[in-house]
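Asks: Protein chains in written order, with the working numbering: chain A, 1 to 305; chain B, 1 to 336; chain C, 1 to 362.
Treat the hints with care, since some could be wrong.
Derived pair list, reagent style DSS-like, types lysine-lysine, alpha-carbon separation capped at 25 Å [said to hold, decoys possible]:
#1 C:6 with C:108
#2 B:252 with C:152
#3 C:222 with C:152
#4 B:252 with C:108
Coverage of chain C stretches by chain B, computed from C-beta distances (three or more under 8 Å per stretch; other residues unrestricted) [stated by the list, open to error]:
#5 82-93
#6 96-105
#7 113-120
#8 174-188
If you are wondering where the hints come from, they were derived from the structure by calculation, not from laboratory data. Source: prediction; values computed, not measured. Even for Gly, the Cβ is constructed at its ideal location relative to N, Cα and C.
Now for the letters of each chain:
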Amino acid sequence: MRTSDLPAVRPKYFEDSDRFHVRLREFWHEYKKNRMAVAGLVIVIFFVLIGIFSPWLILHDPNEQDIFNRFQPPVWMEGGSWEHPLGTDELGRDLWSRIIYGSRVSLALGITVAFFATTLGIIMGLVSGYYGGTVDSIIQRIVDILLAFPYLVFAIALMAVLGRGVFNLFLVLLYKEWVTPCRVVRGEVLAARESEYVEAARAVGASDFHIMFKEILPNVFSSVIVVATLRVAWIILMEASLSFIGVGVPLDIPSWGMIIADGRGYITQYWWLSTFPGLAILLTVLGINLMGQGLRDALDPRLKE
Amino acid sequence: MTINLTQFINRLLQTIPVVIGVTLIVFSLMHLTPGDPVEIMMGQGSVTEGEIQRIREELGLHLPLPIQYFRFVTGIFKGDLGYSIYYRQPAGEVIFARLPATFELMVVAMIISLAIALPLGLISAVRQYSLVDKIGTIGALLGVSMPGFWLGLLLIMAFSVNWIFPVAGRIDFGMAPQRITGLYLLDSILTFNWPSFWSALRHILLPAITLGMSMTALTMKTIRSSMLEVIREDYITFARAKGLSRSQVVLKHALKNALIPTVTVITLNMGVLLGGNMIVETVFGWPGLGSLVVNAIFNRDYPLVQASVLIYAITFIICNLLADFLYTVLNPRVKF
Amino acid sequence: MAELLKIKDLQVHFFTDYGVVKAVDGIDLTLQEGEALGILGESGCGKSMTALAVMGLVPFPGRITGGEIIFAGRDLCRLTEKEMRRIRGKEIAMIFQDPLTTLNPVLKVGEQITEAIRLHHEEGDLSPASGRRGFFRFWEDRRRREMAAWKKAVEMMEKVGIPSPELRMEEYPHQFSGGMRQRAMIAIALSCNPRLLIADELTTALDVTIQAQILDLMRRIKEDFRTSILFISHDLGAISELCDRAAVMYAGKIVETGSVQEITGAPFHPYTQGILASIPRLGEKEYRIKPIPGNVPDLGDLPAGCSFFPRCPYGQAKCKTELPPLEEAGEGRQVRCFYWRQIRAQREEEGGIGGELSFAGD
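Bound conformation, chain A alone (with noise of 0.2 Å):
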């Protein structure tokens, strides 16, 4: 063939499909066929909105204390008032602040660790599975004792050393949530590396970092998303459990798990104080939860259950 036969533009379509906003508009519209991942959607914007505006939402301030108002019912039950709409704990502290303010921590760490520990998944993925040999024997090694150790076990445990603290929270939740990002890159990395689009890059004298980033990333991607979705809503389960157990964040900081911790040895009587902290952990994650399957379904249609 010669030159003058190929066509002087790129053809129309190459271009369009590979515009973002285009494939953007692709995914929203398989994405919204899902009810479910649609609700998930709403419910998760819905709480990073009062996490947002939680200033503008409280009543009190969370770490008030009311001494003569303690145990004061929800609303709707006898005894309960609009001031506290739902009630008041041990310290009269008003429990509807305390759990709109707990979405804040809740919701913060969830996306920042996810959001890192993703990055440095990513890297260390591609790292290990593009280098292969020793680099990936080292990572790969790392991976297996992080993994040894029940999770939840060494993080009490190292969250007991460190002491309560977010930034303490956030290494703890980072140091082995960077392993699953990881490990789906490393695996993608592995297959992609012996494809044709990887060998004709390699052909034509790519190098490895334009190789890594801009061939095998844009492929991998849509799994990692997915993977990163999903992790937000195991991060929040995590951190309400190290703050339920009490190595988590710092007393003066409400948390969904703390608040729960707080209200545990009244739940015989004041049932509401630990229900309602629990039930916004619970939709949250399940929202978390559809829109990450909602994401797969859109993204990755193999994937599909």
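Guided by the hints, dock chains B and C onto chain A, whose structure is given.
Replies: Structure of chains B and C alone, referenced to chain A:
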């Protein structure tokens, strides 16, 4: 089934670097503590400088780190897991006294979880889109979205009113059966001590359900999806073409194939079970290893924490080995 | 020869979210005792569904919506599941395309053979019951049955040409080669001496040399066991090797039936002609294969008239709107085309395309 001995030994050898890594991490856990571990353990005041010095030497903390690590590892092989400051006993003894309770809880949790997940997963795959399937799917989704400790508290709230199921402890006071294995359910059966058995059963039910919840949900989901995949395979149609009934085909031909991925998922979630155990034991006041660790953390009994974490990790490694073994038994195509 | 299987106006429809897919749309077939009938067609024309319909194993969301399948005097569509189970495997056996996916990977081959034998042989059939009475009798009988089934299985494996069958019984399917798997599957199917054997794309997944061996085996089965065979394939060569008669299916309907010689030598239907023209021939470089243009139509959205019309070189206006009937075109010969007479006349003038073909083994 034939198990190749060399392959088995190879698999064992592969875990050695992991075990070394685990001991290293557990060891450095103690030394991560900001400040002097002994001072933190002892709390402020009330202890003299001399006493602290004495404890340091007792624990070997004045030695260089590599030697401390070496002593730590050789100690493990001699069965010496350190000395619990709070209980003033060897940590190993404290732990092993609590181990049967935890073991019993985990086994019962697993049995309950499989007893629910297996049939439910099977039915929802064979009768896809049926009512059972829909309920199962929603249940599984809720199960993975719910914090375990919260479910435990809900159960306590629900059953504390009429005391059908006690919400704390392992057995009613003074009912403990004669100790044979340390597992109350098993011991009471062995000694035909039915009141004890009943009491132990009532105590273990709620914690076991709570602990097994996430495992139930995940197992059910896996069985369902792998079953759905398997029943579309040609060999299922072929088995039906031989004249086998639908249930024979499902139970003999399909289930054995569908169990292979299920075993993998259960293994991956053994860690969740072991970790969740700490929380469930705390919620239900179950006198096992989990509540021991949590208490040790608040008592600043770091040697005990260290020893327990090590035990957890070793258990987990053994579980993984067992699962690999089971996997090869189930799947003739794979060898160790 | 007596009629063994007679399919009358069989319809198998799939009720999907996207509408009704007519996988099998009114087919008629007759199979004599001891005969081998080939069903020829492209993938997706409904030939596998016909086979599964005979077995009573049409998968969800499909259903037999009309017609009769009369096997040895009984309408299989009217039988209960339990009655059907007694026929499956014992009277009608089926073998599939890909032996790797057809044998259960986690069960030993021996187990998979004896399973069928134990299922269908009556107790006395395999071994006389032990005279012993009492508690152990049940176990003893069971053991004897198992031993007998085992012996029978070894015998079957020998018959289909698997070397050292006793050892192979203890192996798993993945330890077998492709051809051996195929043989093992045939052994399973034949273990209960079925009167009818349905082979679905039996040779498709195999190498050419193995294909020939398996076809040879099938021919021996037909002669030695006097088993009738329904041989489903898209490979006209394989069909002409083995079968006496052939039916050509297109888009869920039969378009032509006749003896293998007639179908391969003088096809009347344009589709059959198209198939013949698209077979490459050895040693004839000048001869260009002529693929049929276009694709198999969407079975969920069939045109009103002849479903081959969009791809037909002879198509007329009439074909677009009217469905041609299946016309008698000679002794045991049927064609579904308005213009088969013209096509025949034209062929006779030219000497015919298919007429030049000769098949090895005829």
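Asks: If a hint holds in the structure, say so; if it does not, say that too.
Replies: Outcome of the hint check:
The straight-line distance between the Cα atoms of residue 6 of chain C and residue 108 of chain C is roughly 36 Å, outside the 25 Å bound, and the hint therefore fails. Distance restraint check for residue 252 of chain B and residue 152 of chain C: the Cα-Cα separation of roughly 22 Å lies within the 25 Å cut-off, and the hinted pair is therefore satisfied. Restraint check for residue 222 of chain C and residue 152 of chain C: satisfied, since their Cα atoms lie roughly 20 Å apart, inside the 25 Å limit. Restraint check for residue 252 of chain B and residue 108 of chain C: the C-alpha separation of about 12 Å stays at or below 25 Å, so the hint holds.
With 7 residues having a Cβ less than 8 Å from any Cβ of chain B, the stretch 82-93 of chain C passes the three-residue criterion, so the hint holds. Judged by the Cβ-Cβ criterion of 8 Å, the stretch 96-105 of chain C is covered by chain B as claimed, because 8 of its residues qualify and three suffice. Coverage of a stretch by a chain is defined here by at least three residues with a beta carbon nearer than 8 Å to that chain's beta carbons; for the stretch 113-120 of chain C and chain B the count is 4, and the condition holds. Counting residues of the stretch 174-188 of chain C whose CB falls under 8 Å from any CB of chain B gives 3; the rule of at least 3 is met.
Taken one by one, the earlier hints fail for this structure only at number 1.
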